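Enquirer: Read off the chains here:
There are 2 protein chains.
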Amino acid sequence: MKNNSASALVSPIQDFLEELHHKCAADNGGQVATYIPELAKADPDWFGVCLVTANGAVYEVGDTRQEFTIQSISKPIVYGLALEDNGRKATLEKVGVEPTGDAFNSISLDPGSGRPRNPMINAGAIATAGLIAGKTPASRFKRVLETFSLYAGRELKLDETVYRSESETGHRNRAIGHMLRNFDKLEGDPAPVTEMYFKQCSISVTCRDLGIMAATLANHGINPLTGRQALRGEYVESVLSVMGTCGMYDYAGEWLYNVGIPAKSGVAGGVLAVLPGQIGIGVFSPRLDPLGNSVRGIRVCQELSRHLDLHLFNSPATGQSTIRLNFTGADFNSNHVRTKEESADLRELGKVLQVYQLQGHLAFATTEPVLREVLAAADDLQFLILDLKRVLSINESAGHLLHSLLAKLRARHKAVFFTHCDHLPLLRRMMKKKLGEKFAGAFVTYPDNDLALEWCESCLLEHTRHSRASSYRAKPADYHIFKELTEAELKIIQPLLQPRTFKAGHKIISAGDAAREVFFLSRGNVNVYLPGEERHRLARFSPGMSFGELAFLDGAPRSANIVADTDVECDLLTLADFQALGESHPAIKIKMLEQLCLDLTGKLRKANRELSVFE
Amino acid sequence: MKNNSASALVSPIQDFLEELHHKCAADNGGQVATYIPELAKADPDWFGVCLVTANGAVYEVGDTRQEFTIQSISKPIVYGLALEDNGRKATLEKVGVEPTGDAFNSISLDPGSGRPRNPMINAGAIATAGLIAGKTPASRFKRVLETFSLYAGRELKLDETVYRSESETGHRNRAIGHMLRNFDKLEGDPAPVTEMYFKQCSISVTCRDLGIMAATLANHGINPLTGRQALRGEYVESVLSVMGTCGMYDYAGEWLYNVGIPAKSGVAGGVLAVLPGQIGIGVFSPRLDPLGNSVRGIRVCQELSRHLDLHLFNSPATGQSTIRLNFTGADFNSNHVRTKEESADLRELGKVLQVYQLQGHLAFATTEPVLREVLAAADDLQFLILDLKRVLSINESAGHLLHSLLAKLRARHKAVFFTHCDHLPLLRRMMKKKLGEKFAGAFVTYPDNDLALEWCESCLLEHTRHSRASSYRAKPADYHIFKELTEAELKIIQPLLQPRTFKAGHKIISAGDAAREVFFLSRGNVNVYLPGEERHRLARFSPGMSFGELAFLDGAPRSANIVADTDVECDLLTLADFQALGESHPAIKIKMLEQLCLDLTGKLRKANRELSVFE
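First to last, the sequence lines map onto chains F and G. Residues in the first sequence are numbered from 1 upward in steps of one, following the numbering used here. Residues in the second sequence are numbered from 1 upward in steps of one, following the numbering used here.
Facing chain G, according to a computed beta carbon distance under 7 angstroms, are these residues of chain F, among others:
| no. | residue |
| --- | --- |
| 1 | Y257 |
| 2 | Q359 |
| 3 | L596 |
| 4 | L604 |
| 5 | A607 |
Worth flagging that the hints you see were computed from the coordinates, not collected in a lab. As the structure is a prediction and not an experimental result, all values here were calculated from the model. Ideal Cβ placement from N, Cα and C applies to all residues, glycine included.
Go ahead and model the full structure; you've got the sequences and the hints to work with.
Expert: What follows is the structure in structure tokens.
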């Protein structure tokens, strides 16, 4: 089939965007902005569409690399920086968040407070520009440009020609600046602030940049391509809110109703639209409608919303698939290989040990089902392991809930463990803050489930009649393979056993080696690892057990490394001696093979049981 | 530890709501509505809070079972019914969707069109009431009441006293009715329409009802407790949009900015708030602010938004965890037990078989990563299995994408299978529509992965040198357990084999029975099932293989049923005869035990490999 694959398969999403581009390109309505000569130079046929997912997948079609000035799309971006610099409260004192039916360039201030109605009209944007921190006008604009570059994931530049043109013709905006100064919504000389505003509007971007900037807002302020934070997560909702209600000039209600994607347009023809948590959209087409929105830009957003079901109020439900897996210590055990008796005990005792593997983003609605399920079964619970390996993020609300769960279960003397949580520093910080002095004892974490399971199992097995001291030393009569041998038979086999001692850390078996012997452990513990994966223990053996018998039996090369975890004493039996037993003492060999079969049967039953956990 | 559990553990969410209730109960600001005497009778201290997740978990505190009239909260519910009856376009001709700064009861119609600005002000709500289908006023109100009851999940009733009171004093609303008639926004006599409006406002609900109604909107229109649809999913976004921008009278921008939860209040003190896909909130407290919103109702929404990070624009990201598991046919195989040679072949050939297990809600943003990953590896792919067992829902956009993926891969002669998709009828419908005549051949589904994997494996193995015809008949010399026996040894063992034949469907082994024999299959196939789980096949055996040896070896009772899938011929060997072999012919028994060990070793290695898929 390879001969068909000369041309790579094109994603249906790419196909869809190309069709959409073709369809919307036929729409020649609207006029290129002409209020400054530089904008009038734009080719009215330029048309690019770029869709970027919150995971960083980029789809683009048309003139997505053509540079143009960002214009009013700078407003929400600068508003975010102003929020970071001043907080929500101080920012709201200078600029409101109410939609207005007035034109974008009206000098419309709230009659009572003198506040511009919102940061998306020019008056509000100029007041916002005045909130940017920095010692000099130059350092303030430098911060703005750096922020924009973080959003776009590349170094953006000022278009000097457009800036000069804006500045030369910007009397109306200067008037707004003075009006704001009059109402104390600007401090000091308004001139540098209006210049800053002209500059922020004159930053040069491409349609692709807009798509990535939008995706950064969709991704909680983190650019999904660079992984760098452009806006603190807590302010993303504020920026999107003003875009949602005031972004497309008039028509706040209709835009949200029909398109349902918070968006901002600019007079150079750009549109940036954000579906939180999902995708970012950039469109560029310079022909504008009478309100100053790109005609094709609006059309593209409408079509995307309709055909891809992308409406804000139609987002996929969350919360029903946070629990990826739930099992008990009776169904699934650590890789610490237990004796037959211990295994039987765990099949009973393990029921009080519950493991929940969580996934996705932990927020209130996604964490609630976990609490509900754990608490409903809490009476029968003694150990809880929360495996966060597949959790992508956690917010404060989810952190609170997990802390409360921990505190409640501990108050009932139930043990709680978190595994795989190094990638979620917020959880540790919140636990530290809330648990205070109790933190070290209460927030118990393990790098993986295996070690956490082992600890719980050891607690469960500790007081059973099969429990053994860690100093337990097995004699050949205790080796499970020799279980059915008579004393006389043991005396025959004993001379074939070659004692070996290994220091802790010694590699007893190396993956890839030929298998010429089986080992019987008399003292200490050995661990099994795949080469190069020393953090993940495949098995742990205790005195009385044999190891290395799989390759011994089927003649395959050793498949894993086996390492002495403590100082170890063991006996080895060579394949040659074992084979010779068939001739010299068949009854002994039969008993040994029967025990090996039994042992393998037990292991296979356990593996099958564990596989059924994942069904 | 059971002695501590006399009192059940209370959820931290319940704790949080109780604290919140206590805190907000201290706020005695606002006045009970008095414009009709019935409302003035409310106890100003009544206060209930109810939070219901989109999954149907209910948390409630305070006076959540106190009945009161729904008042303006009826507006979005009736608007949804009007959309179902008339579609979006016809509805928009009668009522706009723009927020207005006017008071809720103003007679404010758009000067151009005569349309009420939005359905949340009285004029818009009365125009909406006029859009409800039905032959008589009584049948129209019956439909309204039935719809409300579907939302609440119980039979709601009209409060006749409040209705009469509303009707007697409702001159302003009657004036609005006539004004609407004047602008042709109402047809026929406006009187029955205003009466309908008075009635819809006088439906009696509890705070708990509001929570459940809100959760119904959060759950795409399906009541999460009853599972019944109250509003068609496609109109939920429209209802939430008008709530989002026009729901809380004035302050559209600030509400979305500060609280970010679409909401609607009523003058009896109710508030219904919806976080799409996540939770519904009902609050009841009769003291109102000057705008007619419940003071504590607003406070509760603000606190929930702040403390639980519930802002609309701060929803947990989707799309990054749609792929729950991905493995190839080299890592994981069907339960059709293969010979050693076939297994070795599959470890190579199986690489072209990819299985993706998906989870959660499939929409554009959650399906895109699947397409991206599959297409990136498409050149090396021959068989694709999409396992939808854990997919909770699929929307049209995702259906389109999956259809395009299927069409593209089929055009390259790659086979695509869907498993576990009976719970997603939309997928089948869309495939049927889009594939047309090709449907039956192209949309191939299997009830589970096992059968799909088996089919692909059989294709892969078909032309290998180890492939066997389905009519293959094994002789004792072919039984893998006798592989190492000489002809002379075979002659010794043969008389111990007791031939048996079974008709297709016969249960050869029953779970729970004592195990006194092992079977060797000479012709046909047998399947292994757990009792009561006949849809899920644990294993399938072919001629030459043995079955029933685990219990035979370890003496445990049979753990599963084994059923003849075709007419079957096999040989059985009793445990007694096998044991006696140790005395009479130890060399034969050793060879057989060695083969059993080898067989078990192979199965254990396979199980361990498959377990590692789930790591």
